[in-house]
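Engineer: Single-letter residue listing:
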Amino acid sequence: MATVVSAVEMGARQREISVSEFFTKNRHLLGFDNPRKALLTCVKEAVDNALDAAEEAGILPDVVVTLEVAGNGSAPPASQATRFRVTVIDNGPGIVRQQIPPIFAKLLYGSKFHRLRMSRGQQGIGISAAGMYAQLTTGKPVQIISRPGARAAAHFFEVSIDTKKNEPRIFENKKIDWQHPRGTQVMLEIEGRYQKGRASVDEYLEQTAIANPHVDLVYHTPEGDTRTYPRTIHELPPQPREIKPHPYGIEFGVLLRMLHDTKSHSLAGFLAGDFSRVSPALAQEICKTAKLSPGATPRNIHGEDAEALYKAIQATKIMAPPSNCISPIGERAILHGLYKQIKGDFYTAVTRPPSVYRGNPFIIEAGLAFGRGPESATADAPAAPLAEGEQAKDDDELARVIRYANRVPLLYQQSACATFKAALETAWKNYGVAQSRGALPAGPMVIFVHMASVWVPFTSESKEAIADYDEIRKDIKLALQECGRRLGVFLRRRERAKSEFRRRNIFELYIEEVVEACARLKGGRLAKDKLKNQLQKIAARRTGGARTDEILGRDGGGPEGLPHSIIVTPEGPEGEAPSLPAVRGREGPPAETAAAEAEPPARRRGKTAPAPARKTAAKRRRAAPKRARR
Amino acid sequence: MAQARSHKLAAVEKKLVSVADVVITAADRSKDPTLAIPVRSLANVNFNEKRGIIELGKRKQERAFFNVGMAKKFMQTVLVADALAELQRADLTTSLREIYYRTKHTMKDSHENTFDGQNESDPLIEDLEVALAALREELHVRAENAGSVVGPLVLGDDGDRVDCARLGKGGYSVPSIVEPEYIEIRRCTADFVLLVEKGTQWNRLSEDKFWRRYNCVLLTGNGQPPRGVRRLARRLHQEYKIPVYVLVDNDPWGYYIYSVVKQGSINLAFESERMAIPKAKFIGLSSADPDRYGLPRNVGIKLNDKDVSRAKELLRYRWFQKKPWQEEIKRMLGAGLKYELDALANKDFRYLTKTYLPRKLKEEDWLD
Numbered sequence: 161m162a163t164v165v166s167a168v169e170m171g172a173r174q175r176e177i178s179v180s181e182f183f184t185k186n187r188h189l190l191g192f193d194n195p196r197k198a199l200l201t202c203v204k205e206a207v208d209n210a211l212d213a214a215e216e217a218g219i220l221p222d223v224v225v226t227l228e229v230a231g232n233g234s235a236p237p238a239s240q241a242t243r244f245r246v247t248v249i250d251n252g253p254g255i256v257r258q259q260i261p262p263i264f265a266k267l268l269y270g271s272k273f274h275r276l277r278m279s280r281g282q283q284g285i286g287i288s289a290a291g292m293y294a295q296l297t298t299g300k301p302v303q304i305i306s307r308p309g310a311r312a313a314a315h316f317f318e319v320s321i322d323t324k325k326n327e328p329r330i331f332e333n334k335k336i337d338w339q340h341p342r343g344t345q346v347m348l349e350i351e352g353r354y355q356k357g358r359a360s361v362d363e364y365l366e367q368t369a370i371a372n373p374h375v376d377l378v379y380h381t382p383e384g385d386t387r388t389y390p391r392t393i394h395e396l397p398p399q400p401r402e403i404k405p406h407p408y409g410i411e412f413g414v415l416l417r418m419l420h421d422t423k424s425h426s427l428a429g430f431l432a433g434d435f436s437r438v439s440p441a442l443a444q445e446i447c448k449t450a451k452l453s454p455g456a457t458p459r460n461i462h463g464e465d466a467e468a469l470y471k472a473i474q475a476t477k478i479m480a481p482p483s484n485c486i487s488p489i490g491e492r493a494i495l496h497g498l499y500k501q502i503k504g505d506f507y508t509a510v511t512r513p514p515s516v517y518r519g520n521p522f523i524i525e526a527g528l529a530f531g532r533g534p535e536s537a538t539a540d541a542p543a544a545p546l547a548e549g550e551q552a553k554d555d556d557e558l559a560r561v562i563r564y565a566n567r568v569p570l571l572y573q574q575s576a577c578a579t580f581k582a583a584l585e586t587a588w589k590n591y592g593v594a595q596s597r598g599a600l601p602a603g604p605m606v607i608f609v610h611m612a613s614v615w616v617p618f619t620s621e622s623k624e625a626i627a628d629y630d631e632i633r634k635d636i637k638l639a640l641q642e643c644g645r646r647l648g649v650f651l652r653r654r655e656r657a658k659s660e661f662r663r664r665n666i667f668e669l670y671i672e673e674v675v676e677a678c679a680r681l682k683g684g685r686l687a688k689d690k691l692k693n694q695l696q697k698i699a700a701r702r703t704g705g706a707r708t709d710e711i712l713g714r715d716g717g718g719p720e721g722l723p724h725s726i727i728v729t730p731e732g733p734e735g736e737a738p739s740l741p742a743v744r745g746r747e748g749p750p751a752e753t754a755a756a757e758a759e760p761p762a763r764r765r766g767k768t769a770p771a772p773a774r775k776t777a778a779k780r781r782r783a784a785p786k787r788a789r790r
Numbered sequence: 033m034a035q036a037r038s039h040k041l042a043a044v045e046k047k048l049v050s051v052a053d054v055v056i057t058a059a060d061r062s063k064d065p066t067l068a069i070p071v072r073s074l075a076n077v078n079f080n081e082k083r084g085i086i087e088l089g090k091r092k093q094e095r096a097f098f099n100v101g102m103a104k105k106f107m108q109t110v111l112v113a114d115a116l117a118e119l120q121r122a123d124l125t126t127s128l129r130e131i132y133y134r135t136k137h138t139m140k141d142s143h144e145n146t147f148d149g150q151n152e153s154d155p156l157i158e159d160l161e162v163a164l165a166a167l168r169e170e171l172h173v174r175a176e177n178a179g180s181v182v183g184p185l186v187l188g189d190d191g192d193r194v195d196c197a198r199l200g201k202g203g204y205s206v207p208s209i210v211e212p213e214y215i216e217i218r219r220c221t222a223d224f225v226l227l228v229e230k231g232t233q234w235n236r237l238s239e240d241k242f243w244r245r246y247n248c249v250l251l252t253g254n255g256q257p258p259r260g261v262r263r264l265a266r267r268l269h270q271e272y273k274i275p276v277y278v279l280v281d282n283d284p285w286g287y288y289i290y291s292v293v294k295q296g297s298i299n300l301a302f303e304s305e306r307m308a309i310p311k312a313k314f315i316g317l318s319s320a321d322p323d324r325y326g327l328p329r330n331v332g333i334k335l336n337d338k339d340v341s342r343a344k345e346l347l348r349y350r351w352f353q354k355k356p357w358q359e360e361i362k363r364m365l366g367a368g369l370k371y372e373l374d375a376l377a378n379k380d381f382r383y384l385t386k387t388y389l390p391r392k393l394k395e396e397d398w399l400d
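From first to last, the protein sequence lines stand for chains A and B.
Residue numbers for the first sequence follow our numbering, beginning at 161 and rising by one.
Residue numbers for the second sequence follow our numbering, beginning at 33 and rising by one.
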């Protein structure tokens, strides 16, 4: 017979579970499933916090990320190492001394959870979870240095979490000398793996730089390289405003809590004061619909009354929430970011007007970078004539989607993400890009999608994919379609110019061959130059001659009439392109450009069309005579 | 004869030079240089029932230089004409592949080749043959020696006397050019010519000295017979008034080989005049033979989709409209099986020599 356990005995086994204990068992929920992802998550949480803090304080962020292989004495190479030291330094406002331990060593402690305002972090779980992971895997506490300003002292802390109590345990707390006048440094020692490629720290930082061109980012890789992502936009994005919840987005339980917690003494006052977009008149109307007295005490409303109120709210027409709580990246900044990090021939960006899902306002932004860049045209040209059976390089790569939520790159669970689904659903074929069924479009293309919102609906706590709400997906598609339309225009024009150019070029080459062959056929008795001239004249007449140069372009808001776009030609970018610092040596040093123009036309046949370029150069000469090189 | 040859050479060279004249004249008049090339496809082919041969129609295709789609081909055509003229002047013969290599180079200041593969230059040679009404042999382009002959036949080749009755089992390898200027038929005492599709059966017949017992010339082209073999059969048929029998596999491709020998091919319709043997007879393998000769069903091969659609195509060709032929092809389709000549070995290794062909010849069991 089975042992009978009494309720008392069972009750004795029941006890509270601390969040920290829960985390140690369920760390995969927060993005610490495996060592590789854990390394990324730690970097990500620290960088997100740094950026949020600096932006909120109105400081243009400078962030330095350092990854080092940890180990005593001889450290293994980065690709083999299992222990890493992650250091993130920012120039933000620093942290008040008393707040340092709870921020870094107490789960679910933060400033961002309770307010409705767009920020990278949402829950107050990230950096302390990273600290907890460090503690779990290496036993090392988190080291923090923070200095609120040049006149204040820098404080050094070593903290870890008491996992039972979810309270910080402080090992070290002292004033130190720090070379930085202001900012915060976080250092974690964790178990991890460093791997390049998809969903790596490298990719995360690169994508962060794309979506945050106002950030100056320096990254010291564990292999000893230093990568710099210089700032190209020198102003902060507008500060997002904090808003009150919109009545549509609220859940019944939340309404009950708000009713209980409100400082208002009347129901009408509560509705008008604690929600956005509810005017006193509208509050009266809601009360009427719910058959409740506008003067009722909010805290006495529960049960059926509350339910009636909830239904009345949903049935009333209320204006969409204000969107000044969201700060989009902006078309110009997206363009700069893409242009800075991704080589291409064509860039464009679209910021959609604000929209609402479940009462939460959001803004979708999309961008495109297309092509391999003008340099590749010369690089791709074969070094030697092709032998039989050889072929030019195939273009079978698929487009890459880079996804962001509140400026934070999303690297995992692509296929579960609304952005990815929208990219699949967009009919790219209409814009001149190949696409097989159920696949991303093919071609050298990067698709950028950003969702900014006070509350981004993630599919899980580890913030990897945006949930698939119809409203969101629809808006993403609209943004992508606009990008696609512009790309289509660009591609069609380029194709046209290319075929014109090719035609003329082909004839030039072939005339040479035909004249030589005819001369041989005639046994050398032929006025070669005369025949050549005659044929060239016919060719020029047939291909429209100088008209080709004029086929492209017309005046408009952007290059070739395309708004918010950059077109890159061998002569340099055209449109709203930023001038890049010389670090990457990418915006044509004049020598290179001049050389390209001096080359005979036959050598320039490649993927890009020099014909529009020539026109571009001409246009610029007209516009800015000072910059003319010839 | 040497004089006749050089005379003809000059004529062919003139034709090739006329390609250059087209360009020069057009340029003088500021016109787009254009070559008119007869279309070589089923749509431009007529079956002349009276003569029993396939003839090329009158439709021509304009190949213009200053047309993006045709410019390269035009340029290539001129290059090939130049290479062919060079051959004429040097009095050399060469292969299709060597023409390709001779004309392949990169164009000035580019990485673009004049030709990327032989498949680009081969059709141009045929184009020029038709457009200039010059035979491939006259253009000095030869194919591989892909045929063999054995039998009571004496040939003169470059002054050598070749007695095809004294060449053992291997026989004489038929060159690709068998025009009277190159190959002289000095004597032929055979009663008929037997053209066999496959080398295996030709070897069997040659080894068994079939040709001696039945006094015939044995020819094979190893599959679709090349021009040399067809031309030799035609010359024997014409100059010595002896019948030609064709022995092929029982499948759509075998039927087509026979029809090419008999009426000429679609692609080389302009050559029919010189190549076709309208009186050639189809001796086997017929779709009626498995029954008549007791071939078991299990040595047949199931017709695949391609076979079926090809057979249906043949049914529509004007030169297969005779009733016995319609019955022949429909019988094959009805059975759903094809038979290789090799399948006869199922009965006996020498069944072909000892039983099949003797009975066929005796019963005069063939299709026209």
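No lab work stands behind these hints: they were computed from the structure.
It cannot be assumed that every hint is accurate.
Stated by the list, open to error - Here are some, though not all, of the chain A residues that point toward chain B, as calculated from beta-carbon distances under 8 Å:
| no. | residue |
| --- | --- |
| 1 | Tyr629 |
| 2 | Glu672 |
| 3 | Arg680 |
Unchecked claim - Distance condition first, Cα-Cα at most 27 Å in a straight line; then the derived DSS-like pairs of lysine-lysine:
| no. | chain 1 | residue 1 | chain 2 | residue 2 |
| --- | --- | --- | --- | --- |
| 4 | B | Lys273 | A | Lys697 |
| 5 | B | Lys46 | A | Lys692 |
| 6 | B | Lys104 | A | Lys697 |
| 7 | B | Lys241 | B | Lys362 |
| 8 | B | Lys104 | A | Lys658 |
| 9 | A | Lys658 | B | Lys140 |
| 10 | A | Lys690 | B | Lys92 |
| 11 | A | Lys356 | A | Lys325 |
| 12 | A | Lys658 | B | Lys136 |
| 13 | B | Lys140 | A | Lys690 |
| 14 | B | Lys47 | B | Lys241 |
| 15 | B | Lys344 | A | Lys682 |
| 16 | B | Lys362 | A | Lys682 |
| 17 | B | Lys140 | A | Lys692 |
| 18 | A | Lys690 | B | Lys136 |
| 19 | A | Lys658 | A | Lys692 |
| 20 | A | Lys692 | B | Lys105 |
| 21 | A | Lys690 | B | Lys46 |
| 22 | A | Lys658 | B | Lys105 |
| 23 | B | Lys136 | B | Lys47 |
| 24 | B | Lys136 | A | Lys692 |
| 25 | B | Lys104 | A | Lys682 |
| 26 | A | Lys658 | B | Lys63 |
| 27 | B | Lys344 | B | Lys311 |
| 28 | A | Lys688 | B | Lys140 |
| 29 | B | Lys241 | B | Lys140 |
| 30 | B | Lys46 | A | Lys688 |
| 31 | B | Lys136 | A | Lys682 |
| 32 | B | Lys355 | A | Lys690 |
| 33 | B | Lys386 | B | Lys313 |
| 34 | B | Lys230 | B | Lys105 |
| 35 | A | Lys688 | B | Lys241 |
| 36 | A | Lys682 | B | Lys386 |
| 37 | B | Lys386 | A | Lys692 |
| 38 | A | Lys688 | B | Lys136 |
| 39 | B | Lys63 | B | Lys82 |
| 40 | A | Lys692 | B | Lys311 |
From the three backbone atoms N, C-alpha and C, an ideal C-beta is built for every residue, glycine too.
Engineer: Going straight from one Cα to the other, do Lys386 of chain B and Lys692 of chain A come out at no more than 27 Å?
Structural biologist: Violated: Lys386 of chain B and Lys692 of chain A sit about 70 Å apart, past 27 Å.
Engineer: With the threshold set at 27 Å, check whether the alpha-carbon distance from Lys140 of chain B to Lys692 of chain A stays at or below it.
Structural biologist: Measuring from Cα to Cα gives roughly 14 Å; hence the hint holds.
Engineer: CA of Lys688 of chain A to CA of Lys140 of chain B, is that 27 Å or under?
Structural biologist: 16 Å, holds
Engineer: Would the hint linking Lys230 of chain B and Lys105 of chain B be met if the CA-CA limit is 27 Å?
Structural biologist: 36 Å, violated
Engineer: Would the pair Lys46 of chain B and Lys692 of chain A pass a check requiring their Cα atoms to be no farther apart than 27 Å?
Structural biologist: With Cα atoms ~23 Å apart, Lys46 of chain B and Lys692 of chain A stay inside 27 Å; holds.
Engineer: Can the restraint linking Lys344 of chain B and Lys311 of chain B be considered satisfied, given a maximum Cα separation of 27 Å?
Structural biologist: The hint holds at about 24 Å.
Engineer: Check whether the Cα positions of Lys658 of chain A and Lys136 of chain B lie no farther apart than 27 Å.
Structural biologist: Satisfied, since the Cα-Cα distance of roughly 26 Å is no more than 27 Å.
Engineer: Verify the proposed pairing of Lys692 of chain A with Lys105 of chain B, using a straight-line Cα cut of 27 Å.
Structural biologist: 18 Å, holds
Engineer: CA of Lys104 of chain B to CA of Lys697 of chain A, is that 27 Å or under?
Structural biologist: Cα-Cα ~18 Å, so holds.
Engineer: Are the Cα atoms of Lys241 of chain B and Lys362 of chain B separated by 27 Å or less?
Structural biologist: Answer violated: Lys241 of chain B to Lys362 of chain B is near 35 Å, above 27 Å.
Engineer: Can the restraint linking Lys241 of chain B and Lys140 of chain B be considered satisfied, given a maximum Cα separation of 27 Å?
Structural biologist: 60 Å, violated
Engineer: Run the distance test for Lys682 of chain A versus Lys386 of chain B: straight-line Cα separation, threshold 27 Å.
Structural biologist: 61 Å, violated
Hints 1, 4, 7, 10, 11, 14, 15, 16, 29, 32, 34, 35, 36, 37, 39, 40 from the earlier list are contradicted by this structure; the remaining hints agree with it.
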